[in-house]
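Here the protein sequences line up with chains Y and E, keeping their order.
Its first residue numbered 1, the first sequence is counted upward by one per residue in my numbering.
Its first residue numbered 1, the second sequence is counted upward by one per residue in my numbering.
Think of the hints as simulated: they come from the structure by calculation, not from any bench.
In this text, a Cβ means the ideal position worked out from N, Cα and C, and glycines have one as well.
Errors might be hidden in some of the hints.
The calculated label-pair distances, taken between Cβ atoms and stated as ranges, are [stated by the list, open to error]: (1) Y:Arg181 with E:Glu341: 40 to 48 Å; (2) E:Gly443 with Y:Pro101: 55 to 63 Å; (3) Y:Lys145 with E:Glu312: 27 to 35 Å; (4) E:His333 with Y:Asp260: 38 to 46 Å; (5) E:Gly146 with Y:Asp260: 39 to 47 Å; (6) Y:Ser8 with E:Asp113: 55 to 63 Å.
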Amino acid sequence: MPDNQTESGFEIVRREDFSDVTYLLAVRHPMMARAARPGQFVIVMSHPEGERIPLTIADFDAAEGTVTLVIQAVGKTTKEMQQTCTVGTRLHALVGPMGVPTHMGAAKKVVCVGGGLGVAPIYPQARGFKQNGASVIGILGFRTKDLVFWEDRFRAVCDEVILCTDDGSAGMKGFVSDGIRQAIAAHPDIDEVVAIGPPVMMKACAEATRPHGIRTMVSLNPIMVDGTGMCGGCRVKLGDVVKFACVDGPDFDGHLVDFDDLMTRLRRYAEEEKAAVARWSETCRMRALLAAS
Amino acid sequence: MAPKRTIRSIPQQRTPAREQDPAARRGNFEEVTLAYNEAEATLESQRCLVCPEPACTSGCPVGIDIPGFISRISAGDIRGAYDVLARTNLMPAVCGRVCPQENQCEGVCIVGDVLEPVAIGRLERFVGDRAIAGGFARRPYIEPNGLRIGVVGSGPAGMACAADMAKAGCAVTVYEAFHLPGGVLRYGIPDFRLPNSVVDAEIEGLRRLGVRFECNTLVGRLFSIEQMIDELGYHAVFIGTGAGYPAMLGIPGDSLNGVLSANELLTRCNLMRARDFPAVDTPLPLGRHVAVVGAGNTAMDAMRVCLRLGAEQVSCIYRRSRAECPARAEEVHHAEQEGIEFHWLTAPVEVLGDGKGNVRALRCQRMELGEPDRSGRARPVPVPGSEHDIEVDQIVFAIGTNANPIIGQTSGLALDKRGYIAVDETLATSLAGVYAGGDIVTGAATVIEAMGAGRRAARSMKDYLGLSDPSAPSAPGGLFGIPREERNFVRLRIA
Ligand SMILES: Cc1cc2nc3c(=O)[nH]c(=O)nc-3n(C[C@H](O)[C@H](O)[C@H](O)COP(=O)(O)OP(=O)(O)OC[C@H]3O[C@@H](n4cnc5c(N)ncnc54)[C@H](O)[C@@H]3O)c2cc1C
Ligand SMILES: Cc1cc2nc3c(=O)[nH]c(=O)nc-3n(C[C@H](O)[C@H](O)[C@H](O)COP(=O)(O)OP(=O)(O)OC[C@H]3O[C@@H](n4cnc5c(N)ncnc54)[C@H](O)[C@@H]3O)c2cc1C
Ligand code: SF4
Ligand code: SF4
Ligand code: FES
């Protein structure tokens, strides 16, 4: 296929490692860098036999012509990419931006909450709200001090940053939902909370704001295949209503989302995922042994 | 000149197509229906009465000159047969395999009044396969006319439109969201019905005409339809993005793990090759006892894929009777041969879970056929007290699709009230220079109808761009360097 991008792929031009499980890839795609808006995502295939995996666009730079992905190595694909995706290599497929951009309404005071890996994708939103003239409170949650990244970036675009760690090794000790309660206590005039992170965390955030009736948007991460609304694999429940996260979302009203359903559905391929990682780790070990001998 | 054939003089039996043994094919993805060889094709071609006013042609959505191509097979002129087909049909190897012939050309063939109809589809496939193997498709010299055409979606509608516009001298780019082109032909219809090698060959044919394919491009989100005209410099745009958006079961328990759409199952299996997991990374959970809800082509494909992936028992749940089943007759027959259990007049009412989020059983209800509904089909009515449970660990639903929302979300195009793109009889949308056709206009239909729509839109585009001006000088070699014979290519008849 000489005339399409699939053959040549999409070049990785920058890489940073935030910790031994979290890494950043900046990929050249000038057209996407211009089109991307906060809240959107891409689907990536690292090689022709690979899986199509969705990743949030953590940042985009139209001048440089790149989109940035921040990835956590959790399973076969993301661990393998951690090894193979070095500067100068190419992703086999990259499609996007997908999903409805985050609606940056007229909110005057906004809380942007990122938990763990969710810290990366919440960044362009915090920046976007700031550019819209809102007052922005950033709440960043990590398990421990060593995992903290981008605190400086948030300080640059937020009026206030609350850093939370589970073990108290940096910032306040507690979960981001505790950070939200603290922010609500200090600022009775919060219009909106936006939260991105693991489903349990987003659920806790929605529960923290529910009693105050503060609009709370969450970004859902169900398993996807096509990302074009064709397969229905990414369906999520909002009360009795079924929506497809790839075309109707990924942002939804956290007070309506059925998180338990989402969490159950995320376990759909648990066995296959476990087998794939085990098999892959074994291959890596064998390769290392061969290389050593 | 051979003596005129009559219904009495022709071979009385339809030439059977050899098939892979049902027991063997349950375990593989090789093609089920084997191609006619030359002798079989010649024999079957002799069953055509070469009617002066052929009924079959009017039964074909694109009006193929059927007696024309069949009589060339009889004469041993396969190349000539292909040329006749190629005038109206871009992909005979595809249509011969997947058209619902019994409702189209073969359904009205005059021979069928007395005997079994002429096997038009199989003959068409025979010629199409020969054309691919022999590289018949010409690479005509096409004089570029400087016009640029953007096509959105690489399914049969987009492919047909792209071919006609390329032949008219336009620079055509086809944008596809997936990493591979072909639409449903690639990700939906499994290899045992339509091998991907056939789809590859057809795509390659388009490339030889100069068509460019840009995969990994989600139009609407990467750039809008309006931007294609205003900024990317396309003189006209065709939208053929298909139907997509599977309808949900809408019964309690339908989000339990183990319940998935046929589109997801088929995409994982065909496009992502999940059947080779773990050699490829995309997983596909294997059900041992699978229920597939629905009885169209998509449902048949899903059932037969499950069998091939190793399911022990596959049941088809359909609320009407076999007579109303919308799938191609051949597929239903093959599915029965392969051991699918059909539960006609049965409707699902609830998915029962195992308490851990997985499917345990499908609760169904028996139906009776009542008064005809608005579509003229007998309406199924539930039989009170007929609930029963079918023990399954996987449920696949194939109960139709809704309009894909992306183009609507991202453009100013007028939609109809069901969300499909609104067009007039020339397939023009509400935006000047933008045309649409195929499933995204009609809702789920057939391959040949989508191709017919792509070609009809191409003809309208040519009118719009001034390419089919009847007063344009018609050089001896033909318009725009296209041989005169090729120009017939645009004369398309839509019922
Ligand atoms: C809209 C969206 C945005 C996302 N953004 C990011 C991001 O910016 N950075 C990031 O690291 N991850 C992100 N994810 C999750 C990411 O897609 C998965 O971590 C990845 O697919 C896991 O693949 P794997 O083979 O490495 O792991 P697997 O072994 O396949 O799975 C490990 C875990 O990831 C979950 N998972 C598996 N496949 C998917 C899938 N296709 N989609 C979602 N979750 C899945 C599983 O439930 C499991 O818990 C996003 C997901 C969605 C839907
Ligand atoms: C499983 C299955 C079996 C079938 N069997 C038969 C059969 O036996 N016989 C028959 O006649 N018909 C059959 N059909 C129906 C037939 O396949 C369709 O009617 C036909 O493919 C429609 O063609 P299309 O070109 O309109 O769309 P599609 O074939 O759906 O192609 C649309 C393409 O556009 C792409 N796309 C969508 N949105 C965008 C976007 N925004 N940007 C870029 N690209 C986009 C999609 O990825 C896709 O590749 C079957 C359908 C299915 C699902
Ligand atoms: S295109 Fe389809 S309907 Fe037309 S003649 Fe061929 S098989 Fe029959
Ligand atoms: S109607 Fe039947 S017999 Fe007559 S031309 Fe068509 S295929 Fe031949
Ligand atoms: S990922 Fe297939 S419909 Fe959303």
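Here is how each hint holds up against the structure:
no. : hint                               : in the structure
1   : Y:Arg181 with E:Glu341: 40 to 48 Å : violated (56 Å)
2   : E:Gly443 with Y:Pro101: 55 to 63 Å : violated (28 Å)
3   : Y:Lys145 with E:Glu312: 27 to 35 Å : violated (53 Å)
4   : E:His333 with Y:Asp260: 38 to 46 Å : holds (44 Å)
5   : E:Gly146 with Y:Asp260: 39 to 47 Å : violated (59 Å)
6   : Y:Ser8 with E:Asp113: 55 to 63 Å   : holds (57 Å)
In the structure shown, a violation is registered for the earlier hints numbered 1, 2, 3, 5, in ascending order.
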